[in-house]
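Fit chains R and Z to the known structure of chain L by using the hints.
Residue numbers (our numbering), protein chains in the order written: chain L, 12 to 174; chain R, 12 to 174; chain Z, 12 to 174.
Please note that a few of the clues may not be correct.
Repeated chains share a single entry, so a pair holds when one copy, or any two copies, can fit it.
Once the Cα atoms are required to be at most 30 angstroms apart in a straight line, the calculated DSBU-like pairs of lysine-lysine come out as [said to hold, decoys possible]:
1) Lys16 to Lys131
2) Lys16 to Lys78
3) Lys16 to Lys62
4) Lys73 to Lys16
5) Lys16 to Lys108
6) Lys86 to Lys108
7) Lys16 to Lys146
8) Lys131 to Lys73
Treat the hints as calculated values from the structure; they're not laboratory data.
Remember, it's a predicted structure, so these values are computed and weren't measured experimentally.
So you can see what is in the structure, the chains are spelled out below.
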Amino acid sequence: MATTKKTIILFSGDFDRVMAALIVANGAAAMGDDVTIFCTFWGLNILRREKVAAAAGAGGGKSFLQKAFGRMMPKGTKRLGLSRMNFAGAGEPLMRKVMRDRNAMSLEELFASAREQGVKFVACTLSMDILGFTKEELVDGVEFAGVAAYLGEADEANVNLFI
Amino acid sequence: MATTKKTIILFSGDFDRVMAALIVANGAAAMGDDVTIFCTFWGLNILRREKVAAAAGAGGGKSFLQKAFGRMMPKGTKRLGLSRMNFAGAGEPLMRKVMRDRNAMSLEELFASAREQGVKFVACTLSMDILGFTKEELVDGVEFAGVAAYLGEADEANVNLFI
Amino acid sequence: MATTKKTIILFSGDFDRVMAALIVANGAAAMGDDVTIFCTFWGLNILRREKVAAAAGAGGGKSFLQKAFGRMMPKGTKRLGLSRMNFAGAGEPLMRKVMRDRNAMSLEELFASAREQGVKFVACTLSMDILGFTKEELVDGVEFAGVAAYLGEADEANVNLFI
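Same shape as in the complex, but just chain L:
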């Protein structure tokens, strides 16, 4: 079977939707496909470092509102809420516990596995600009691009999802 290409626009930052995106991406990468995940808006949260060096732009040029957005939104995959049955934040730890009990891969393991398998993570620069995220605040190995780059890849792909 010829290698094919897949793209995912990860717009959502919900735990369960991020998990669905990473499961599809890992599965496709395991089958030899090229996979690119374009993280926009709330999907950018999974790329944020948990801790940012004080010098490295954790505040500098940001407006008050951007600082507020930055503080309120989760950093990385560890504090995402569920899109449903979130129960004021209790749903996600429950879902995590069920997954551990069933020996399913955790969200962090799915993210690490995707990166190891060569899934390309792209941070949408327009969303970064609006939300006030700097490159230093995102994890290493991420690419930065806009909608034109997405469309170029989507034109070459045979499956393009918006999650």
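Leaving out everything else, chains R and Z in the frame of chain L:
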């Protein structure tokens, strides 16, 4: 026109999103297309039987959390909420009433029609495992598969949606 | 590069998701692609006129429920809420302010730009019928069609998103 293939990942269990998925699926099937709906996460709810025989695995190997998830989530298409304007559950009956008044097909009719037209419903086995759903709890005629099967079908399809 | 075709089903009426759809549509149109946005359900809200002439069907044949839906849902792009961090309506003005501060295009500008670039907006007639929207209530230049028309275009397109 050559027959083509469509796939839908039905991730959502919202009444309105399920309806959108079933309208696209029925339309494509009516035009002679092969259609597969992969039900994952909350989308699995539409495949649940309203009543499960006590003997048939309605509890047995489930953890406390899985039983709780199972009890709190809707069974079948009859008690799904709206993704918007749900008004603590009042939105869905209102939407249903409007649809009856306009002689639109109900969600149950859309589901039955899709099955009659040969739309294939696949239950995501990983989601079943996490949420603790057994095969006996789902309606007859459903297939069981994972992400590799989805990707295999998506590679053959010309329209692949994530809903 | 050959011209290609893109379709988007815009199901959501959330400010941020509408923005994502319009950014993709504008980008593709700028690259010379044919783009069609099928507005269904809450996505129809972006096509509603802010003010409808009293004579032009702003009430006539509608049921009580349809009038109620019509009154409660936003008209046009100016009062859409965020899908996340909406803070009882405060999130959207905050997001708009950040976008102004960063000189990003507003939602209204993105919508106007898409129309100027020839992006085709189609109102889903089934959704219009259910929600009780008449043609007079929608902005000029919109086409009206159902799922068969969508599928016909999607069959010709190489990227089909559901947002």
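Verification of the hints:
{"no.": "1", "hint": "Lys16 to Lys131", "verdict": "both (11 angstroms within a copy, 25 angstroms between copies)"}
{"no.": "2", "hint": "Lys16 to Lys78", "verdict": "neither (37 angstroms within a copy, 39 angstroms between copies)"}
{"no.": "3", "hint": "Lys16 to Lys62", "verdict": "neither (33 angstroms within a copy, 42 angstroms between copies)"}
{"no.": "4", "hint": "Lys73 to Lys16", "verdict": "neither (37 angstroms within a copy, 38 angstroms between copies)"}
{"no.": "5", "hint": "Lys16 to Lys108", "verdict": "neither (33 angstroms within a copy, 37 angstroms between copies)"}
{"no.": "6", "hint": "Lys86 to Lys108", "verdict": "both (20 angstroms within a copy, 23 angstroms between copies)"}
{"no.": "7", "hint": "Lys16 to Lys146", "verdict": "within (26 angstroms within a copy, 33 angstroms between copies)"}
{"no.": "8", "hint": "Lys131 to Lys73", "verdict": "within (28 angstroms within a copy, 37 angstroms between copies)"}
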